[in-house]
Structure formats: C-alpha cells, structure tokens
Amino acid sequence: MDMALEIAVAAIKIFIVLNVVQLVVAYTIYVERKVIAHAQMRLGPMRVGWHGLLQPIADGLKLFLKEDIIPDKADRIVFVLAPVMVLVPAFVVYAVLPFSATFYITQINIGLFFILAISSLGVFGIVMAGWASNSKYSLLGALRSAAQMLSYEIFLGFSVIGPLMLAGSMNLQEIVHAQSDVWFVFYQPIAFIVFFIAAMAETNRAPFDLPEAETELVAGFHTEYSGMKFAFFFLAEYANMFVVSTVGIVLFFGGWEGPDFIPLPGFVWYVLKLSVFMFVFIWLRATLPRYRYDQLMRVGWKFMFPLVMLNIFLTGFLKYLFL
Amino acid sequence: MIPMTHFLILGAILFLIGAMGVLMRRNAIIILLSIELMLNAVNVTFVGFSRHLADMTGQVFAIFVITVAACEAAVGLAILIALNRDRTMVNVDEVNLLKW
Amino acid sequence: MELYFFYMFSGGMIITSLLMITRANVIHAALLLVLTFFFLAGIFVLAGAEFLAAVQILLYAGGIMVLYLFSIMLMNVEVAVRMRQWHRQGVVVFVAAVLLGLEIWAVLKGVEFPAAKQWEWSLGATPGNVEALGAVLYTKFLFPFEVASILLLAAMIGAIVLAKRTIER
Amino acid sequence: MPDEVVENSEETNGAPDSGETAEEVKTPPGEDLKEVVESAFPGAVLEQSAYEDHEDETTFVLGVDSLVAVATHLRDHGDSLFKLLTDLTAAHYPEAENPFEMLYHLYSIEHNRRLRLKVRIKEGQAVPTVSGIWTSADWMEREVYDLFGIEFEDHPDLRRILLPDNWGSHPMRKDYPLEGRGERIYTKPTRKEIGD
Amino acid sequence: MVGVANVSRIEQQSTVHGTEELVINMGPQHPSTHGVLRVILKLDGETVNDLDCDIGYLHRGTEKIGENITYTMFIPYTDRLDYIAAPSNNLAWVTAVEKFFDWEIPMRAQYIRSMVGELSRIASHLLWLATHALDIGAMTVFLWCFREREMVLDLFETAFGGRLTVNAFRLGGLHEDVPDKFLQLTQEFIDIFPSRIDDYETLLTNNRIWLQRTRDVGIISAEDAMDLGLTGPIIRGSGVSWDLRRAKPYAAYPYLDFVVPVGENGDIYDRYLVRIEELRQSTRIIQQCLEQLPGGPVTCKTPRTIKPPEGEIYHSIENPKGEFGFYIVSDGTTTPYRVRIRPPSFINLGGLKKLCVGQLVADVVAIIGSIDIVLGECDR
Numbered sequence: 000m001d002m003a004l005e006i007a008v009a010a011i012k013i014f015i016v017l018n019v020v021q022l023v024v025a026y027t028i029y030v031e032r033k034v035i036a037h038a039q040m041r042l043g044p045m046r047v048g049w050h051g052l053l054q055p056i057a058d059g060l061k062l063f064l065k066e067d068i069i070p071d072k073a074d075r076i077v078f079v080l081a082p083v084m085v086l087v088p089a090f091v092v093y094a095v096l097p098f099s100a101t102f103y104i105t106q107i108n109i110g111l112f113f114i115l116a117i118s119s120l121g122v123f124g125i126v127m128a129g130w131a132s133n134s135k136y137s138l139l140g141a142l143r144s145a146a147q148m149l150s151y152e153i154f155l156g157f158s159v160i161g162p163l164m165l166a167g168s169m170n171l172q173e174i175v176h177a178q179s180d181v182w183f184v185f186y187q188p189i190a191f192i193v194f195f196i197a198a199m200a201e202t203n204r205a206p207f208d209l210p211e212a213e214t215e216l217v218a219g220f221h222t223e224y225s226g227m228k229f230a231f232f233f234l235a236e237y238a239n240m241f242v243v244s245t246v247g248i249v250l251f252f253g254g255w256e257g258p259d260f261i262p263l264p265g266f267v268w269y270v271l272k273l274s275v276f277m278f279v280f281i282w283l284r285a286t287l288p289r290y291r292y293d294q295l296m297r298v299g300w301k302f303m304f305p306l307v308m309l310n311i312f313l314t315g316f317l318k319y320l321f322l
Numbered sequence: 000m001i002p003m004t005h006f007l008i009l010g011a012i013l014f015l016i017g018a019m020g021v022l023m024r025r026n027a028i029i030i031l032l033s034i035e036l037m038l039n040a041v042n043v044t045f046v047g048f049s050r051h052l053a054d055m056t057g058q059v060f061a062i063f064v065i066t067v068a069a070c071e072a073a074v075g076l077a078i079l080i081a082l083n084r085d086r087t088m089v090n091v092d093e094v095n096l097l098k099w
Numbered sequence: 000m001e002l003y004f005f006y007m008f009s010g011g012m013i014i015t016s017l018l019m020i021t022r023a024n025v026i027h028a029a030l031l032l033v034l035t036f037f038f039l040a041g042i043f044v045l046a047g048a049e050f051l052a053a054v055q056i057l058l059y060a061g062g063i064m065v066l067y068l069f070s071i072m073l074m075n076v077e078v079a080v081r082m083r084q085w086h087r088q089g090v091v092v093f094v095a096a097v098l099l100g101l102e103i104w105a106v107l108k109g110v111e112f113p114a115a116k117q118w119e120w121s122l123g124a125t126p127g128n129v130e131a132l133g134a135v136l137y138t139k140f141l142f143p144f145e146v147a148s149i150l151l152l153a154a155m156i157g158a159i160v161l162a163k164r165t166i167e168r
Numbered sequence: 000m001p002d003e004v005v006e007n008s009e010e011t012n013g014a015p016d017s018g019e020t021a022e023e024v025k026t027p028p029g030e031d032l033k034e035v036v037e038s039a040f041p042g043a044v045l046e047q048s049a050y051e052d053h054e055d056e057t058t059f060v061l062g063v064d065s066l067v068a069v070a071t072h073l074r075d076h077g078d079s080l081f082k083l084l085t086d087l088t089a090a091h092y093p094e095a096e097n098p099f100e101m102l103y104h105l106y107s108i109e110h111n112r113r114l115r116l117k118v119r120i121k122e123g124q125a126v127p128t129v130s131g132i133w134t135s136a137d138w139m140e141r142e143v144y145d146l147f148g149i150e151f152e153d154h155p156d157l158r159r160i161l162l163p164d165n166w167g168s169h170p171m172r173k174d175y176p177l178e179g180r181g182e183r184i185y186t187k188p189t190r191k192e193i194g195d
Numbered sequence: 000m001v002g003v004a005n006v007s008r009i010e011q012q013s014t015v016h017g018t019e020e021l022v023i024n025m026g027p028q029h030p031s032t033h034g035v036l037r038v039i040l041k042l043d044g045e046t047v048n049d050l051d052c053d054i055g056y057l058h059r060g061t062e063k064i065g066e067n068i069t070y071t072m073f074i075p076y077t078d079r080l081d082y083i084a085a086p087s088n089n090l091a092w093v094t095a096v097e098k099f100f101d102w103e104i105p106m107r108a109q110y111i112r113s114m115v116g117e118l119s120r121i122a123s124h125l126l127w128l129a130t131h132a133l134d135i136g137a138m139t140v141f142l143w144c145f146r147e148r149e150m151v152l153d154l155f156e157t158a159f160g161g162r163l164t165v166n167a168f169r170l171g172g173l174h175e176d177v178p179d180k181f182l183q184l185t186q187e188f189i190d191i192f193p194s195r196i197d198d199y200e201t202l203l204t205n206n207r208i209w210l211q212r213t214r215d216v217g218i219i220s221a222e223d224a225m226d227l228g229l230t231g232p233i234i235r236g237s238g239v240s241w242d243l244r245r246a247k248p249y250a251a252y253p254y255l256d257f258v259v260p261v262g263e264n265g266d267i268y269d270r271y272l273v274r275i276e277e278l279r280q281s282t283r284i285i286q287q288c289l290e291q292l293p294g295g296p297v298t299c300k301t302p303r304t305i306k307p308p309e310g311e312i313y314h315s316i317e318n319p320k321g322e323f324g325f326y327i328v329s330d331g332t333t334t335p336y337r338v339r340i341r342p343p344s345f346i347n348l349g350g351l352k353k354l355c356v357g358q359l360v361a362d363v364v365a366i367i368g369s370i371d372i373v374l375g376e377c378d379r
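Protein chains in written order, with numbering that gives the first Met the number 0: chain A, 0 to 322; chain B, 0 to 99; chain C, 0 to 168; chain D, 0 to 195; chain E, 0 to 379.
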C-alpha cells in the first residue's frame, strides 16, 4: 500500500511540475519578447489581453491549430519522433531538480550525473530532425548542432566537477546544503564562467544559436517543421534553459537558500535567482551578434577546455592543502 | 532479486544477435553497430556478476568495456569515412583489394 | 516487481536489437541501437549499478551513438539502402548461431550459482554506488584505468589521422 | 575609425553642370589620350568625338581587332591608367551598316578622367572579350549577350544572366516587339531540364 | 525565373567528384540574400568551394521602358531602381539629362538636391546597417536603425509627399520648393542623429564577437577592387580615396566640406567603418546645406518639351551603393534613343565570387551584407 501511495504522490508531483513548467515556459517566451522589445525601443506584444498578457495562450492555440506539414521526401517515422526526442529529455530532467527544500519529485544520489546524461540526449532529436527533413539547410544545421552540443557538453561536464569536489556529492540537495555558508560561485568563479558559456551553447541560445541561425540556415534543423512539432522544439529550448539555470543555481548560487537575514521561503529564492538567470539569457540575446561556427569551436577547445582543466587541478590542489 | 541466470541468458542472446549481425550484414556501419551490441552483451554479464557477488569489479570492467567501445567506434568510423571518401562504398565485401 | 521490469527491459532489448540488425537504413539501425541502450541502462539500474547506467546513457547514447549518426550523415548512405543487404551466407550463420546458442544454454544449465550476496548499501542511498565504484576504480584498478586513458589517446590520434583529408608534412 | 581621411580638396572646385565652355572648338578634348593610343597603335583610333566638347565625353571608335590591345594599353599606360571599367554596354542601330555599337566606359582614378571606347560590329559578329583585362566585364558582357545577343569570343562563362536561360530572343534590340506575344517566345522548362 | 543551366553547371561538377560536395541554394527566398537573389553555393563541409549567382528575378526592362517614354516620364521609374535610396536615383537621372543642356540650375535647388541626396544616403546606409547586423545576429541594431530610417522617410514625406518612391526632382530643378517644416524637421533630425550613430557603435564597433565576425573576412585589395569594378564604400574600404562627389562634383557638392572616409584592409569591418563615417559626414553635409541654403527660385526656365540635341552622354553620381550612372543617347526627339543604367549593385555583386570562395557559409552572409546590394537596381 505504501508503494501505491508513493506512486500516487509522485504522479501528482509530476503532473504539477509538468504543467507549471509548460505554463512558465510559455510566459518566459512572453517575457523574452517583452524584454527584447524594450531593448529595441518598441512595445512588443500588446494586443491580446492587457499588455499582451494572453499572447502565449494565443500563440499556443495558433500552433495547435496550424496545419502539420510533413515534407514529401522526409523520413516520416524519424521526422515525427524527432520533436519528441527533443522534448522528452528536456522534461525528464525535471524529475531530479530541487525547487525548494521540500518540493522535488525525487532525489537520487547521482542527480547531477543523471541531468548530464539525460540532457545529452537532446542532441539526438536535433540530429534526427535534421536528417529526417531531407533538406540541406536542416542537415547543415543538424551537423553544426551535433558538433556544438557534443563539444560543449564536455566543457559543461568538466565545469561542474569543481563544485562537485567541494560538495563531495552528486546529490543536488547535498550540494545545496554544502553552500549554506558561502556560495560556490565565490570559490569557483572560473568554473562558473565556463559553465555559463557552455550552458548558453548547450541550449543553443545567442550568441551560440548557430544551429538555428535564421540568417544563414533559414532555421537550421527545424526548417521543415510546423505546427505542434515546431512548438515542441520551442518548448524544449526554453525547458532546457530552465534546467541549465536551475543547475547553475544549485551548483553555484546556493539553490533555494538565501541569506539568513532576509526571511523568504526557499521557493521564492529559487524563483528570484531563476529570474535573474533568465533575464541574463534574454539580455545577451538582445545584445550580441552571433559567433561563427569555427570560432565557436576555437573558443571552446582552445580557451575554455584548458581553463576548466586548470580549474579542476587547482580545486583539487587547494582542497588537498586546506581541507 | 533477479536470478543470475537471467543476466547470463540475456547476455548470451544479445551476443548472438550481435554476432549474427556481424556475420550476415554487408553494410560496414551496421557491422560496427553489431559489435557495439556484442560489447554491451558482455557488459550485461559483468554487471550481473557484480550484482550477484556484490563486488564492484564487474562494474569497473564494464566501464573499461565502454572505453574500448569508444575507441573502437572512433577508429572504426574514421576508417569508414576514409574509405567512403576514397571510393563511395559502405559494404565490407567490396573492400577486397588485399584479397588474393 | 524487479523481475517484471527485468523482463520488460530485456524483451525490449532483444526486439530492438533484432530490428537493428535487419534494417536497411543505417540511421534507423543506429537509432534502434540507442533504444537498446536505454533498456540496457534500465537493466543496470535494476542491478544496482546506477552510476554505470548514467555512464551508459551519457557516453554510449549521448556520445558514441551521436558520433555514429554524425559520421553516417557525412557519408553517402542513400546508395547503400538500395543495394543488397545480406551476405549470401545466412544459412551457415544461422546454424552456427543456433549451435553457439545451444552451447551457451547447455553450459548455463549445468552451473549452480552460489546464493547471491547483498550490497552493503541500499539502492539509491548515499553514499552508495558511486563512492564504492570510485574507491575501487582509483585504488585497485588505477593502473588499468591509466592504460585505458592511453588507449583513448591513441584511438583519438588514430581517428584524426585516418579521417583527416590531407596531412601537411 | 578609418585610419586615413582625405581633406576636402579645392582643386576640383567648379560650378556644377558648367562643363567645358566652347573655347577650344577646334581641337576636341582627349588629344593627349589619342596620342597615348596612337604612339603604340598608329591608326587605331578610327574616329574621335566628344559631346559639346565635354572632357568626360571623349569617345574613341576602335576597330574590333585592335580593341583588346588598345584597352590593355590604356589600362597599363602611365598617362591613362584606366583601371576601372565603369560600364560596358551596347546600343542597337538597325539602319546602320554596322548595327551594333559596343560601348566601354573607362575611368581612371589616378587622373580622374573618363574615356568612352566604341566598337561597331555587324549582326552576328563576335567581339573579343575584355574580361581578361577587367574582370568586371564578365557579368556586363553576359548582360549584353543576354539583352542584345552579341557573342563574346573567349568569354569564360557566357550564359544569360538576367533573363531565363531558354528565353528565345534579345529584348534590348530595337526590333523587339513592344506589344503582343513577341516577348513570350519562351518555352516552359520541362521537369527533366530542371533536373527534377 | 528558372535558371536551368545555372544549376546544372555546378551540379554536374559535383557529381564527378568522388567526395560529397554539398550544393545549397541560398535564395531566392532566403532571409539574408536581401531580396530575390539566388546564390548557388558549392560547399565542402562549411567552406565555400564555388559560387554562382542567379539574378534577374526582378528584371523589369527598365532600360527598354526608358527608351519609349519621355525624359520627364522616366523620373518615377528611376525611383524603382534603388528603392532604398530613391532620391539619389532621381538625382542621377536629372543631372544626366541636364548635361545635354546648359541650363542654370538655381542654387537653392542644387542645395536641396544635395541635402535630399544625403538624406537618402542616410536612409540607405541605415537599412544596410540594420540588415547587415541582423545577418550577423545582432538583432537590436536592426530595430534601432529602422527607428531613424523612419524619421528620414517622414522627412521625405514632408517634402515630396512620398516615402519610399518619392519622385523628388524635376529636370531643371525641383517641382516645388520644400516647405519650411521640412527644413525645421531636418534640423531636428540631424541634431539627434549623431548620438544615435554613437548608439549603434556602442553595440557593434568594439564588440568582440562583431570584430571576430568582420575582421579579416571578405578581404579585397584595392587593385582587385578596381579590377572587379567595385565602387562606393567597398573600394573606399579597400583604401582608395575616391568619391564622385569629390572627383566629379555635381549639385551643390563643390561648395560643401566633407571628408571621404577610407579603410585600410578592405575587410568587412573596414566597409562597416567607412559607411558609419559616411553617416556622420552626411549629417555634416546636411548641416552645411541648411546653413548655406540660399533663397530664390527652385527651378530654371525649361522648354515645354524636353528635346536634347543629338548626342550621347554618360553621367554618374555617388549613390549610397556606389557609382550610379546613366548613359543616354539622344536622337533629338522627346524620347531617348538608348538609356543605359550603370548599376552599382549589379557590378558589385559580380565581385561576390571573388570575395566568398574559400570562406565559410556564415561569412557569405556577412559578405553579401557588406556589399550592400539592392536587387531592384541589380536586375533593373
């Protein structure tokens, strides 16, 4: 009976998280449009609802009702599966994310590793989409994206090792607890910078949005997608932004814990930190031009990789000396 | 508790499927994929024993197997790309210049 | 409960791997193998090797198989789909496979395994699988571990040399 | 910031649109250029003219055979240095003996002067290409080929450029019909031709 | 229009090779080919091995039209050539036709022509900067530039009634004097415009990514630029100080003081800097025009029907895109015998292959942007 109860509780939690995340993602798109609009001295969505507040719902409806086109020469099965393969990993990861001290779906002792493993699967959907569309733009986009995500996964993986060494655990809750005195960002500034850049590249956000660079490759791997399938890619991109932001918060900014002198609930702290992260993501997109493919690779392998290795070495050395 | 024999039988079946793939297919890429499958069949056995004996050695060896698989994939695919660039072919029985 | 999951995962593995070796389209085969690896990761979790399961997904599915897909896209595979897929030695292979299978079956049937031991930790707890694995890997198996890294380095150099178009001397 | 800027020079000051006044009626402008050409190729300049003696409208009429040699000479000679082929075009005079007129507008940045070369050719007569002298001639000759139907010898890539490849006629000729179905002498490409 | 042979030429070559070369069609409906330009790229991985342009999608036979209508009637057609900077085209046509005659164009008209010409240069360069930055991924600059371009178009509307195709000038001067409000609004515009240029530069000029994307990309030497017939900001970016406003002055330019910006390396970045500096210089020129603007009539006495004497002339002006000229043959009637448009975009686009081969796909987009083409004038 215990087990049934456990499953029921987990199911309810999953239901809540999934729906809330989808809603929040929809509104992040709204916020992004608004922030970028104001950066560009215009108003952004204003028509649907008060200050365009119902715009995400209208967009969702529109995408839902759009004709779903599958190109004639596409590989139908893979073409249909690809958006699913992008969206599912993006949402599976939420299973281990700690939103506050008490609210999470589950906690496992390889939490961080689980996140890395599952999020590495996102590239499959992209490669599948690019290949199945049977379009040259899509294929080029997919190739770029595969190379980019594979390389930047490595830097992402190495950049979290520093905080891991300090916390001594891969359990996200324990990592947060280990930061109750000082946030790891102060101990691990290099790791954080590398993490942040790699996270932007992992989520295909500007200035690393090469796979979907609309001015070169039309829309990259999702050129041929329309309607709900396109919405899936869109949702996955923003869901992934939440994941990397949350991981960043957990690893470097003390998760849901805030300074003691401001008594706010953990969840509020989490949301505040998340908002800052998301704002920076959007801000960068409004400001920066796009990198070129070879430059991106060069930045990764020649600059970030040595840096992050040095960081691991230094962390180990200092930990050996002082702890 | 899963019986030990289950792991072993699963490993054997997967190994057999992999071996059949290697022996029967002409496409070099599918042969490489079948080899990956065979390596993983071995991993199943390793992990089964590790479970049964409550000993980590099996898992350590599984990690080594994955390492070897990565090497094999990298070199194998590089050879395939070189072959494919030289002359457009992916079938193993066409690579027969050294055959007397 | 565990057993049901085991049957589910292993059934999935066998079906997907059989499909894998019969596909004409290489991309489909590779994607089916990825699916096989997911099931395998599930079996690893059931066997209490959750770190290995994550490694399986991270390295095998997320790394090696993406490498496969990447290379397949670089090659011209559409031609191969239209060509003959099989060696004309199916009967021989089948007989050999059946014989090998019977042999393995016979061996397994005769073996009596000692009673299973229990882990010193419970599933999913901390410290657990990761720490134990690390402790063994970096003490008892340190030398093979380093050898493996050299193997990786050699493979990397080999792959680059083989796949590079022109090598400047 | 650009590294180098040039201050406003007062030399080129002159009332706009005044041009050259009709003082030197007797000798048309461009005598010095004619000397440059004649020194190497005597008799190459068949005619010389300039509209109302505008310096910039100096025109030399050349023979088809001497075109490439004279053009190369004009590009490389220190007194002319016409390194820029501003424009290359043609004009059609159906009644004339040589109905097509090839026009080459040259410009020299060093000497800040223009020169127009003319070559008169017959219907169907080919003109040697100048794309070996000025690469910019490549596309412009393609355009002339496209719109006038003049062939260029040794042109690296003589294809139609503005009109579809299977357009049946050359619209800038004076005899091209302005109305009716004349301009639709154009067959739709088959799927095979597109390569589908 | 279907360029059958264009495609097959490149594709045949690619099948001969054993290695797979990717042929991609960029355009004619592609976000960064700036109109209906179709570029057929032959790629090796991401590197461009060969390139072929397919143009003519917007060919309307403007030259042929010009040969069948009167000189005055052709002015609106010139609007449709480089529709980004329509008054510049009007200016080229009217000054070209006026070269047949010895009319005294009133100075007020000349100054207004220069002023409007510079405004159209600003409009054109702003559109260039907007789309060029967007091509490279800086999306904010796009909308900032459009904000100012909108102001310029409003100025056109105040003066001539039209926004995009303005039909601004007439043979012999202007149709009507500009309203005082136009001068006042222009003054207001150039008062704020320099600070707006600073804003654009804040986002781009020293931005590391921008520098990496534009420095040492698409380099063309001065010699090559001349050989390819490139004009305008491209050749100035390669270090050749040549501007027709200075070399062959027209309108009121002889009386105006301005600097011809020159680049050094001839890469995309230099072309960018040259155009940005031209924006500032245009502002300066407009300021001078406003200060020196004389009174008096805006049109000289012209005959009722314009019949140039027999002859041929070539006249060109410095369009925002490069040297924009007209070659006109008159047979003494009211319609020109031959009208030839010297299109800067067409000839500059001819240099695309030279600029792009050996570069990466992403650079092709940046290079097309830096050439600054407009297909209306390229295809005519």
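Please keep in mind that the hints were generated in silico from the structure rather than gathered at the bench.
Incorrect hints may have been included.
What the hints assert, rightly or not - Simulated pairs of lysine to any residue, SDA-like, Cα-Cα distance not exceeding 25 Å: (1) K180(E) / D190(E); (2) K163(C) / V91(B); (3) K301(A) / A154(C); (4) K135(A) / N24(E); (5) K318(A) / Y137(C); (6) K65(A) / M227(A); (7) K12(A) / F233(A); (8) K65(A) / Q39(A); (9) K72(A) / L31(C); (10) K301(A) / Q211(E); (11) K117(D) / R158(D); (12) K33(A) / Q21(A); (13) K352(E) / D190(E); (14) K163(C) / P2(B); (15) K61(A) / H50(A); (16) K121(D) / E62(E); (17) K180(E) / E20(E); (18) K121(D) / L80(D); (19) K318(A) / W182(A); (20) K352(E) / E96(D); (21) K33(A) / M72(E); (22) K163(C) / E71(B); (23) K33(A) / V270(A); (24) K108(C) / V129(C); (25) K135(A) / A95(C); (26) K163(C) / K180(E); (27) K121(D) / E96(D); (28) K12(A) / K135(A); (29) K135(A) / A162(C).
Just so you know, these numbers come straight off a predicted model, no measurement behind them.
Checked hints:
1. In summary, the hint linking K180(E) to D190(E) is supported, as the alpha carbons are separated by about 15 Å, within the 25 Å threshold.
2. With a CA separation close to 21 Å, the supplied pair K163(C) and V91(B) stays within the 25 Å bound.
3. As the CA atoms of K301(A) and A154(C) are separated by approximately 21 Å, the hinted pair is consistent with the 25 Å bound.
4. With a CA separation close to 9 Å, the supplied pair K135(A) and N24(E) stays within the 25 Å bound.
5. Among the hinted pairs, K318(A) with Y137(C) is consistent with the structure: their alpha-carbon atoms are about 18 Å apart, no more than 25 Å.
6. With a C-alpha separation of about 8 Å, the suggested pair K65(A) and M227(A) falls inside the 25 Å cut-off, and the hint holds.
7. A C-alpha spacing of about 24 Å is found between K12(A) and F233(A), which places the hinted pair at or below 25 Å, so the restraint holds.
8. For the given pair, K65(A) sits about 29 Å from Q39(A) by alpha-carbon distance, which is inconsistent with the 25 Å threshold.
9. For the hint pairing K72(A) with L31(C), the CA-to-CA distance comes to about 21 Å; that is within 25 Å, so the pair holds.
10. Among the hinted pairs, K301(A) with Q211(E) is consistent with the structure: their alpha-carbon atoms are about 15 Å apart, no more than 25 Å.
11. About 23 Å separates the Cα atoms of K117(D) and R158(D), which keeps this hinted pair within 25 Å; it holds.
12. About 19 Å separates the Cα atoms of K33(A) and Q21(A), which keeps this hinted pair within 25 Å; it holds.
13. For the suggested pair K352(E) and D190(E), the alpha carbons sit about 41 Å apart, so the restraint of at most 25 Å is broken.
14. Simply put, K163(C) and P2(B) have alpha-carbon atoms about 48 Å apart, too far for the 25 Å limit, and the pair is violated.
15. A threshold of 25 Å between alpha carbons decides the hint, and for K61(A) with H50(A) the separation of about 19 Å falls inside it, so the pair holds.
16. Between the alpha carbons of K121(D) and E62(E) the distance comes to roughly 22 Å, so the proposed pair stays at or under 25 Å and holds.
17. Restraint check for K180(E) and E20(E): the C-alpha separation of about 59 Å exceeds 25 Å, so the hint is violated.
18. Proximity of K121(D) to L80(D) is assessed by CA-CA distance (about 30 Å); at most 25 Å being required, the pair is judged violated.
19. Restraint check: the Cα-Cα separation between K318(A) and W182(A) comes to about 16 Å, which is no more than 25 Å; the hinted pair holds.
20. With a CA separation close to 39 Å, the supplied pair K352(E) and E96(D) exceeds the 25 Å bound.
21. Taking the CA atoms of K33(A) and M72(E), the gap is near 47 Å; set against the 25 Å cutoff, the hint is violated.
22. The hinted pair formed by K163(C) and E71(B) meets the criterion: a straight-line CA distance of about 17 Å does not exceed 25 Å.
23. Between the alpha carbons of K33(A) and V270(A) the distance comes to roughly 19 Å, so the proposed pair stays at or under 25 Å and holds.
24. A distance of roughly 34 Å separates the Cα atoms of K108(C) and V129(C); the hinted pair therefore is violated under the 25 Å criterion.
25. Pair hint K135(A) plus A95(C) does not hold up; C-alpha atoms about 44 Å apart against a cutoff of 25 Å.
26. The straight-line distance between the Cα atoms of K163(C) and K180(E) is roughly 67 Å, outside the 25 Å bound, and the hint therefore fails.
27. Distance check on the hinted pair: K121(D) and E96(D) sit about 7 Å apart at the alpha-carbon level, within 25 Å; holds.
28. The suggested pairing of K12(A) with K135(A) is violated, with an alpha-carbon distance near 42 Å, which exceeds 25 Å.
29. The hinted pair formed by K135(A) and A162(C) meets the criterion: a straight-line CA distance of about 23 Å does not exceed 25 Å.
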